[in-house]
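Student: Between the sequences and the hints, there should be enough to build the whole structure, so can you do that?
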Amino acid sequence: MEGPKIETAVPRRRYQIGDLSAVVLGDVASRDGHDYAFVMAFVPDGEQRPVLYVTSEWISPGAGEERVTIARVIAEGGERILGPDARWQDLELFVEDAMAMARRVMGLGQEEAMRLL
Numbered sequence: 000m001e002g003p004k005i006e007t008a009v010p011r012r013r014y015q016i017g018d019l020s021a022v023v024l025g026d027v028a029s030r031d032g033h034d035y036a037f038v039m040a041f042v043p044d045g046e047q048r049p050v051l052y053v054t055s056e057w058i059s060p061g062a063g064e065e066r067v068t069i070a071r072v073i074a075e076g077g078e079r080i081l082g083p084d085a086r087w088q089d090l091e092l093f094v095e096d097a098m099a100m101a102r103r104v105m106g107l108g109q110e111e112a113m114r115l116l
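Heads up: the sequence shown begins at 0 in numbering that gives the first Met the number 0, then just goes up one per residue.
Check before you lean on any hint, since a few could be wrong.
Claimed, not checked - Pairwise CB distance ranges, derived in the manner of DEER restraints: (1) Leu116 to Glu65: 30 to 36 Å; (2) Thr7 to Gly108: 34 to 40 Å; (3) Met0 to Gly82: 17 to 23 Å; (4) Ile5 to Gly82: 16 to 22 Å; (5) Asp84 to Asp18: 25 to 31 Å.
Think of the hints as simulated: they come from the structure by calculation, not from any bench.
The beta carbon of each residue, even a glycine, is placed where N, CA and C say it ideally should be.
Tutor: Written out as structure tokens, the structure is:
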């Protein structure tokens, strides 16, 4: 699985959801050509590598049009792009939606996320 190529970022939040740890990064500088608003990485307890990424990315729909955000879900089975949706410009709304996406992709049902930081 090819995730974001992050050079620098600032951790904004940490969560535990089931047997996964999740970190939300902001102020992301990458070398992969994507303009990230936020990146959320999900890592199984006791492991080092994420098994799922949910990103919020800025895109320009066309010349002279205002930038919007899309969500990208990256997992072992591939990736999917959702949106555009202005919700993913807001940290709280992005986390809410990213957790819902992770529940579906990882089969976590209604597992509650506990905020750690």
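Student: For each hint, tell me whether it holds in the structure or not.
Tutor: Taking the hints in turn, this is what the structure says about them:
Separation of Leu116 from Glu65 is about 32 Å and conforms to the stated range, judged on CB atoms against 30 to 36 Å. Checked against the given bound of 34 to 40 Å, the beta carbons of Thr7 and Gly108, roughly 35 Å apart, stay inside it. Between Met0 and Gly82 the beta carbons are some 21 Å apart, a value that agrees with the proposed interval 17 to 23 Å. In this structure, Ile5 and Gly82 meet the distance hint of 16 to 22 Å, their C-beta atoms being roughly 21 Å apart.
Restraint check, Asp84 to Asp18: a C-beta distance of roughly 29 Å satisfies the suggested window 25 to 31 Å.
Against the hints set out earlier in the document, no violation occurs for any number.
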